[in-house]
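> Sequence:
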Amino acid sequence: MPTVRTLQEKASDEQITMLTAYDAPTAEIVDESGVDVILVGDSMGNAVLGYESTLPVTVEEMQSRTAAVARATDDAMVVADMPFLSYGADESETIENCGRMLKEADANAVKLESGPHTVSVTERLVDLGIPVMAHLGLTPQRVHQLGGYFRQGTDEESAAEMLELAKAHEEAGAFSLVLEHVPSNVAAQITEALEIPTIGIGAGPDTDGQVLVLNDVFGLSDRSPYFSEQFGDVKAEMERAVAGFRDAVESGEFPAEEHSYSEDEIDDIY
1 MPTVRTLQEK ASDEQITMLT AYDAPTAEIV DESGVDVILV GDSMGNAVLG YESTLPVTVE
61 EMQSRTAAVA RATDDAMVVA DMPFLSYGAD ESETIENCGR MLKEADANAV KLESGPHTVS
121 VTERLVDLGI PVMAHLGLTP QRVHQLGGYF RQGTDEESAA EMLELAKAHE EAGAFSLVLE
181 HVPSNVAAQI TEALEIPTIG IGAGPDTDGQ VLVLNDVFGL SDRSPYFSEQ FGDVKAEMER
241 AVAGFRDAVE SGEFPAEEHS YSEDEIDDIY
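Going left to right, the sequence shown walks through residues 1 to 270 as this note's numbering numbers them.
If you are wondering where the hints come from, they were derived from the structure by calculation, not from laboratory data.
If you're wondering where the values come from, they're calculated on a predicted model, not measured in any experiment.
One or more of the hints may lead you astray.
Ranges between beta-carbon positions, derived for each pair [to be verified]:
id	residue 1	residue 2	range
1	28	252	31 to 41 Å
2	192	3	20 to 30 Å
3	236	270	40 to 50 Å
4	142	261	52 to 62 Å
5	257	222	39 to 49 Å
6	25	155	36 to 46 Å
7	74	95	23 to 33 Å
8	142	184	17 to 27 Å
9	261	128	50 to 60 Å
10	255	25	17 to 27 Å
11	5	259	48 to 58 Å
12	74	261	34 to 44 Å
All C-beta atoms, glycine included, are put in the ideal place defined by N, C-alpha and C.
Please model the entire structure based on the sequences and the hints provided.
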């Protein structure tokens, strides 16, 4: 299983791969494929829980899903994405919520959508032995503040602020940094400036790794961001399987004789 140290060492030689997963069956598939990190993202709100955003996701939902993923994972690092308002407002609650992901859900680290307010939070968690993955650029938990899911760091001032925040989180002890939906040249400069690895999503090819939401990779999403890629059409295969079941039941082809068992010693029960 990759550790903070081995993940950082890999970044010096080859790209880090990270995908989301929200349940045991898909986590097992991702793990067996050799992906380095499984992120139990708060994207579960949109991807599997039917919410319109990530904001309603609870600590309990994250803990349950993280535990399911961890139980099915042997080799990948499992990172729990901390939900909106589960960290940063109160230090003791932050520590308790993040600690539960390691103590009770068996995660290897937590991810925080980062800002000036999470520098001290990151330092405190790391001091207590909780590895922290930082996240800058587009931070979906701030969708109402940002006014939408827009590219970040698009002018010199905001890009410079992002770089300074990245450095601050590195100094606070974050072991890696996700850069989401930022100009590729900005991501490249931040990557160059940091010792810790960067993992991009919509941040171009010059980060130390890449992450995508599994639903986009599988082709399960009705709408995917332009920076994602569909590497399969799992939705079409699922539709064929469900339609095949429906047709077989309606036609009487299923269940067939080989799907049933008869107990000869039972003659009549009424």
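> Now tell me, hint by hint, if it's right for this structure.
These are the hints, each one checked on the structure:
1. For the pair residue 28 and residue 252, the beta carbons lie near 35 Å from each other, so the given range of 31 to 41 Å is met.
2. The given range of 20 to 30 Å is respected by residue 192 and residue 3, whose C-beta atoms sit roughly 24 Å from each other.
3. Our hint of 40 to 50 Å for residue 236 and residue 270 holds, since their Cβ atoms are close to 46 Å apart.
4. Separated by about 57 Å at the C-beta atoms, residue 142 and residue 261 satisfy the suggested range of 52 to 62 Å.
5. Our hint of 39 to 49 Å for residue 257 and residue 222 holds, since their Cβ atoms are close to 40 Å apart.
6. Look at residue 25 against residue 155: about 44 Å separates their beta carbons, and that is inside 36 to 46 Å.
7. Taking the beta carbon of each, residue 74 and residue 95 are about 28 Å apart, inside 23 to 33 Å as hinted.
8. In this structure, residue 142 and residue 184 meet the distance hint of 17 to 27 Å, their C-beta atoms being roughly 22 Å apart.
9. Evaluation of the 50 to 60 Å hint for residue 261 and residue 128 yields a pass: the beta carbon distance comes to about 55 Å.
10. For the pair residue 255 and residue 25, the supplied restraint of 17 to 27 Å holds, since their beta-carbon distance comes to about 23 Å.
11. A C-beta distance of roughly 51 Å is found between residue 5 and residue 259, which places it inside the suggested range of 48 to 58 Å.
12. For residue 74 paired with residue 261, a C-beta distance near 35 Å keeps the hint of 34 to 44 Å intact.
No hint from the list above goes unmet by this structure.
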